[in-house]
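The task is simple: from the sequences and hints, build the whole structure.
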Amino acid sequence: MTAVPGRIAAIVLAGGTSSRTAPAHKLLAPDATGLPMIARTLRAVTASRADPVFIVLGHRAAEIRQAALRGLPPNRRPRFITAPDHAHGLSRTLAAGVRAAMDDPTITGALICLGDMPLIGPLLLDTMMASFGAHPGCPGVLAMHEGRRGNPVLWGRAVFPALLAGRGDSGARHLLAQHAPAMPRVAAGAEIAADFDTPERLAEFSRLFAGS
1 MTAVPGRIAA
11 IVLAGGTSSR
21 TAPAHKLLAP
31 DATGLPMIAR
41 TLRAVTASRA
51 DPVFIVLGHR
61 AAEIRQAALR
71 GLPPNRRPRF
81 ITAPDHAHGL
91 SRTLAAGVRA
101 AMDDPTITGA
111 LICLGDMPLI
121 GPLLLDTMMA
131 SFGAHPGCPG
141 VLAMHEGRRG
151 NPVLWGRAVF
161 PALLAGRGDS
171 GARHLLAQHA
181 PAMPRVAAGA
191 EIAADFDTPE
201 RLAEFSRLFA
211 GS
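The sequence shown begins at 1 in the UniProt record's numbering and counts up by one.
Treat the hints as calculated values from the structure; they're not laboratory data. Among the hints, erroneous ones may be present.
Stated by the list, open to error - Computed spacing ranges between beta-carbons, pair by pair:
1) 47 to 190: 16 to 22 Å
2) 198 to 134: 33 to 39 Å
3) 204 to 17: 40 to 46 Å
4) 158 to 206: 20 to 26 Å
5) 134 to 23: 43 to 49 Å
6) 106 to 184: 32 to 38 Å
7) 17 to 70: 18 to 24 Å
8) 23 to 210: 37 to 43 Å
9) 66 to 204: 22 to 28 Å
Yeah, the Cβ is synthetic: ideal placement off N, Cα and C, and Gly gets one too.
In structure tokens:
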């Protein structure tokens, strides 16, 4: 696998209200083993080569922080950040994480991961980082499945300032149209489009990972 230049961070976004699954919060929902969704997501992210791993909190921050640490050994614990303006949408949570990455001059890129996508494995993250290293100067890397892009997305440091400008729940969509043609693609499975943001999907999640 190609060496990763500098350090590539992972930013896990976990600041939303989870309004579509109310009154349950999706990130606190347990799988078949009892592990909360956010802990399942972090287990994979912290097993990758991403360093450091930031998790951005907002709504119900104390509960999600506690749940996120379930089952993680001390040497794999993430750095917690609170987005004070998280109520203004996903873009503000993203901006808080990007600012933290910008504060470290050794970080050359960041994987933007969603807290409600626990099926993403460390191999995909490592493959995206290797692709970034193999394409010097590229703005980032996309994960693709059957011709469609999904999450996570890796952005290079040169794009960080633009990531701060998003508004509402648009995240980085305003940048994809501009930069996607120059971004290398990594083949991935259907997990890059598998989130759990409805009561029906939470019921499916509760049956996953049995025996793991």
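**OP:** Any hints from earlier that this structure breaks? Give me their numbers in increasing order, please.
**Re:** 3, 4, 6 and 8
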